[in-house]
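Chemist: Put together the whole structure using the sequences plus the hints.
Line order of the protein sequences matches chains A and B.
Under this note's numbering, think of the first position of the first sequence as 1, with each following residue one higher.
Under this note's numbering, think of the first position of the second sequence as 1, with each following residue one higher.
To be clear, the hints were calculated from the coordinates, so they are not data collected in a lab.
Among the clues, some could well be false.
What the hints assert, rightly or not - Derived BS3-like pairs: lysine-lysine, alpha-carbon spacing no greater than 27 Å straight-line:
1. B:K247 / A:K86
2. B:K247 / B:K161
3. A:K84 / B:K271
4. B:K294 / B:K322
5. B:K310 / B:K195
6. A:K84 / B:K247
Stated by the list, open to error - Derived DEER-like restraints, expressed as beta-carbon distance ranges:
7. A:P65 / B:G163: 46 to 52 Å
8. A:P113 / B:V312: 36 to 42 Å
9. A:L119 / B:G95: 48 to 54 Å
10. A:H115 / B:G265: 20 to 26 Å
11. A:P113 / B:A277: 34 to 40 Å
12. A:P113 / B:P372: 22 to 28 Å
13. B:A277 / A:K84: 23 to 29 Å
14. B:D333 / A:P113: 39 to 45 Å
15. B:E245 / A:A41: 43 to 49 Å
16. A:T140 / B:G290: 55 to 61 Å
Claimed, not checked - Among chain A residues calculated to face chain B with C-beta under 10 Å, some are:
17. S60
18. L67
19. R77
20. A80
21. G165
22. P192
For each residue, glycine too, the CB sits at the ideal point set by N, CA and C.
Residues per chain, in single letters:
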Amino acid sequence: MSVRRETVGVRREKGLAIGLLLFGGFLSIAMTAAAQEEDLATVSAALAPRAEVLIIARCSVCHSPDLVAQQRLPRARWEATVEKMKHWGAEISKDEADVLVRYLSARYHPGAPDHLPPLESEVRQAEPFTQDSVAEGPVTGVAARGAGIFEHNCQACHGTNAIGGHGPKLAKNPILKHEDLFWETVLHGRGPMPAWGSVLSHQEIADVHAWLSTR
Amino acid sequence: MTLSRRVLLERLLQGLGVAAIVNRHVPVVQAAGEELARNESGPLTIRVTRPFDAETPVREFRPFLTPNHRFFVRSHFGPPPPDAISEANWTLRVGGLVERSQEFRLKDLRQMEVVTITAVVQCSGNGRAFHRPKVPGVQWERGAVGNAEWTGVRLRDLLAKAGVQASARHVQLQGADRPVVASVPLFIRSIPLEKALHPDTVLAYEMNGRPLPLLHGAPLRVITPGWMADSCMKWLTEITVQAEESKGYYMQTAYRMPAIPVEPGAAASGKSIPVEAMVVKSLIAAPQEGETVKSGPVTIQGMAWSGEAKVVKVEVSLDEGKTWEPARLVGEDRPYAWRQWQLIWKAKTAGTFTILCRATDARGEQQPAMTPWNPSGFLWNGWDRVSVTVTA
Numbered sequence: 001m002s003v004r005r006e007t008v009g010v011r012r013e014k015g016l017a018i019g020l021l022l023f024g025g026f027l028s029i030a031m032t033a034a035a036q037e038e039d040l041a042t043v044s045a046a047l048a049p050r051a052e053v054l055i056i057a058r059c060s061v062c063h064s065p066d067l068v069a070q071q072r073l074p075r076a077r078w079e080a081t082v083e084k085m086k087h088w089g090a091e092i093s094k095d096e097a098d099v100l101v102r103y104l105s106a107r108y109h110p111g112a113p114d115h116l117p118p119l120e121s122e123v124r125q126a127e128p129f130t131q132d133s134v135a136e137g138p139v140t141g142v143a144a145r146g147a148g149i150f151e152h153n154c155q156a157c158h159g160t161n162a163i164g165g166h167g168p169k170l171a172k173n174p175i176l177k178h179e180d181l182f183w184e185t186v187l188h189g190r191g192p193m194p195a196w197g198s199v200l201s202h203q204e205i206a207d208v209h210a211w212l213s214t215r
Numbered sequence: 001m002t003l004s005r006r007v008l009l010e011r012l013l014q015g016l017g018v019a020a021i022v023n024r025h026v027p028v029v030q031a032a033g034e035e036l037a038r039n040e041s042g043p044l045t046i047r048v049t050r051p052f053d054a055e056t057p058v059r060e061f062r063p064f065l066t067p068n069h070r071f072f073v074r075s076h077f078g079p080p081p082p083d084a085i086s087e088a089n090w091t092l093r094v095g096g097l098v099e100r101s102q103e104f105r106l107k108d109l110r111q112m113e114v115v116t117i118t119a120v121v122q123c124s125g126n127g128r129a130f131h132r133p134k135v136p137g138v139q140w141e142r143g144a145v146g147n148a149e150w151t152g153v154r155l156r157d158l159l160a161k162a163g164v165q166a167s168a169r170h171v172q173l174q175g176a177d178r179p180v181v182a183s184v185p186l187f188i189r190s191i192p193l194e195k196a197l198h199p200d201t202v203l204a205y206e207m208n209g210r211p212l213p214l215l216h217g218a219p220l221r222v223i224t225p226g227w228m229a230d231s232c233m234k235w236l237t238e239i240t241v242q243a244e245e246s247k248g249y250y251m252q253t254a255y256r257m258p259a260i261p262v263e264p265g266a267a268a269s270g271k272s273i274p275v276e277a278m279v280v281k282s283l284i285a286a287p288q289e290g291e292t293v294k295s296g297p298v299t300i301q302g303m304a305w306s307g308e309a310k311v312v313k314v315e316v317s318l319d320e321g322k323t324w325e326p327a328r329l330v331g332e333d334r335p336y337a338w339r340q341w342q343l344i345w346k347a348k349t350a351g352t353f354t355i356l357c358r359a360t361d362a363r364g365e366q367q368p369a370m371t372p373w374n375p376s377g378f379l380w381n382g383w384d385r386v387s388v389t390v391t392a
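Modeler: The structure is reproduced here in structure tokens:
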């Protein structure tokens with residue numbers, strides 16, 4: 001009898017323990033999911049200033065960023081996509097590719113809503129990092145430095161030695177003599193050309209201008 | 001060489017497809033482009049600003065023919081520079097496995113027998129946004145499709161002038177559009193010789209009675225009636241007859257479906273086949289999603305089409321597909337065009353209702369509730385769905 005009673009008691013305890021375990025399990029799954037959601041938001045907010053600049057500088061050479069923002073993909077697909085774009089000629093270093101994949105899979109993951117809230121204000125604050133140099137007045141460009149900056153940022157559209165490609169020829173282009181128009185175009189973009197104000201510093205733009213003037 | 005200011009401006013604008021149809025003046029173009037991108041009530045819903053990809057709001061599908069300025073726009077690289085396709089510079093070369101390579105100017109094509117065909121042109125990825133899990137690519141919803149009158153010459157008449165060799169099996173098509181970065185693969189596609197020689201496959205220089213617009217492939221594009229638009233090469237400049245399917249990304253990797261359906265979410269692997277014929281499909285053009293209608297008779301209308309068969313039946317359900325009521329097929333009945341349909345719904349009670357529609361073609365193919373998932377999200381043809389509110 002006593003043995004049997006004990007057995008029942010053990011069973012009850014087991015049942016209770018299993019119940020608690022199950023409940024705890026559900027709770028922890030729910031908590032993990034919420035924490036992951038929060039983690040993703042934290043990751044994307046932290047990476048946004050760098051990643052958004054990369055998207056403008058590297059991806060929007062070929063397509064506007066709206067194509068990126070409408071995707072909702074798991075990390076493996078983002079990795080494959082960034083790899084494909086590198087293979088096709090996007091100038092992305094290993095380190096930049098890593099930032100892009102982490103950012104894109106945190107912000108544009110399959111569970112993300114169709115309409116995402118706008119990016120945190122940090123990005124907008126990060127954008128005009130060239131404002132200080134405006135206050136400092138005009139900068140003097142160094143042609144020798146401009147060659148490399150041009151190659152890395154402008155050559156894809158404007159061609160080797162600025163002889164033109166998909167974008168116009170810049171060597172001996174009259175726009176070089178109209179500095180205000182040149183700066184306006186580079187800083188804010190025009191037509192298919194993206195804005196570079198958040199990517200290149202004023203010093204770098206001046207360097208590119210100086211180099212172009214020697215072509 | 002220095003560029004004239006006008007040439008410079010034009011070149012700056014060439015990537016922005018919309019520029020060509022709006023204005024050549026830069027500040028105006030910029031403003032208009034931004035305005036269009038934000039304006040949901042504009043002629044098109046923009047999916048990608050550059051290269052310009054935009055779909056037609058479904059409410060615009062009530063007319064039988066879709067007007068040129070409302071017709072969906074899709075390309076991989078945007079239109080070529082206008083001078084590359086100007087009448088003075090443009091030529092079409094026909095070569096490869098032919099007896100005599102040919103070169104045609106527009107005036108040569110205008111000497112040839114003229115054909116006009118009404119045909120649906122639909123992006124292979126139309127409806128991609130509805131696949132679950134989501135797939136990469138432009139997230140087209142319902143409007144990457146249109147029905148237009150295409151006027152031009154038969155592709156087979158050009159091939160006859162060149163003389164197709166016995167070993168020919170495929171015809172490669174290439175346009176004048178080019179990627180920004182030279183390392184991006186060119187958009188090159190091929191169609192099987194039988195489709196190229198079909199009397200209804202045309203090279204169109206007019207769209208709805210007007211010269212083909214730049215965004216739609218001026219001066220000449222391919223129309224493969226009944227097939228998805230991945231074969232309808234725009235800005236056509238090169239036709240190459242060959243023994244094999246074209247090589248390269250856009251024929252061997254993109255625009256393909258798994259030969260055997262894969263599990264949702266699985267990566268593309270194994271044997272694949274090119275996206276070719278359209279599948280049976282229908283849309284509800286009115287009422288619109290979210291519209292409020294008064295109780296009483298409500299006209300539900302839309303259109304239906306299929307690849308190479310006639311639409312024989314369109315049905316509407318107001319109970320999530322438990323029961324279906326046949327709609328009346330109305331209007332023009334032309335092969336390859338879409339067929340309009342309507343049904344008078346007697347909305348008696350106030351509340352929120354979901355209207356579903358599905359079409360069936362002459363081969364017995366019927367629209368499924370959901371299209372089987374595929375890695376690139378092609379050929380979506382799930383039941384169309386619109387929610388409306390009925391007020392007393």
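Chemist: State for each hint whether it applies.
Modeler: To see whether the hints hold, each was checked on the structure:
{"no.": "1", "hint": "B:K247 / A:K86", "in the structure": "21 Å, holds"}
{"no.": "2", "hint": "B:K247 / B:K161", "in the structure": "26 Å, holds"}
{"no.": "3", "hint": "A:K84 / B:K271", "in the structure": "21 Å, holds"}
{"no.": "4", "hint": "B:K294 / B:K322", "in the structure": "24 Å, holds"}
{"no.": "5", "hint": "B:K310 / B:K195", "in the structure": "18 Å, holds"}
{"no.": "6", "hint": "A:K84 / B:K247", "in the structure": "18 Å, holds"}
{"no.": "7", "hint": "A:P65 / B:G163: 46 to 52 Å", "in the structure": "49 Å, holds"}
{"no.": "8", "hint": "A:P113 / B:V312: 36 to 42 Å", "in the structure": "40 Å, holds"}
{"no.": "9", "hint": "A:L119 / B:G95: 48 to 54 Å", "in the structure": "51 Å, holds"}
{"no.": "10", "hint": "A:H115 / B:G265: 20 to 26 Å", "in the structure": "23 Å, holds"}
{"no.": "11", "hint": "A:P113 / B:A277: 34 to 40 Å", "in the structure": "35 Å, holds"}
{"no.": "12", "hint": "A:P113 / B:P372: 22 to 28 Å", "in the structure": "26 Å, holds"}
{"no.": "13", "hint": "B:A277 / A:K84: 23 to 29 Å", "in the structure": "28 Å, holds"}
{"no.": "14", "hint": "B:D333 / A:P113: 39 to 45 Å", "in the structure": "43 Å, holds"}
{"no.": "15", "hint": "B:E245 / A:A41: 43 to 49 Å", "in the structure": "46 Å, holds"}
{"no.": "16", "hint": "A:T140 / B:G290: 55 to 61 Å", "in the structure": "58 Å, holds"}
{"no.": "17", "hint": "S60", "in the structure": "8 Å, holds"}
{"no.": "18", "hint": "L67", "in the structure": "5 Å, holds"}
{"no.": "19", "hint": "R77", "in the structure": "6 Å, holds"}
{"no.": "20", "hint": "A80", "in the structure": "8 Å, holds"}
{"no.": "21", "hint": "G165", "in the structure": "8 Å, holds"}
{"no.": "22", "hint": "P192", "in the structure": "3 Å, holds"}
In this structure, none of the earlier numbered hints is contradicted; all agree with it.
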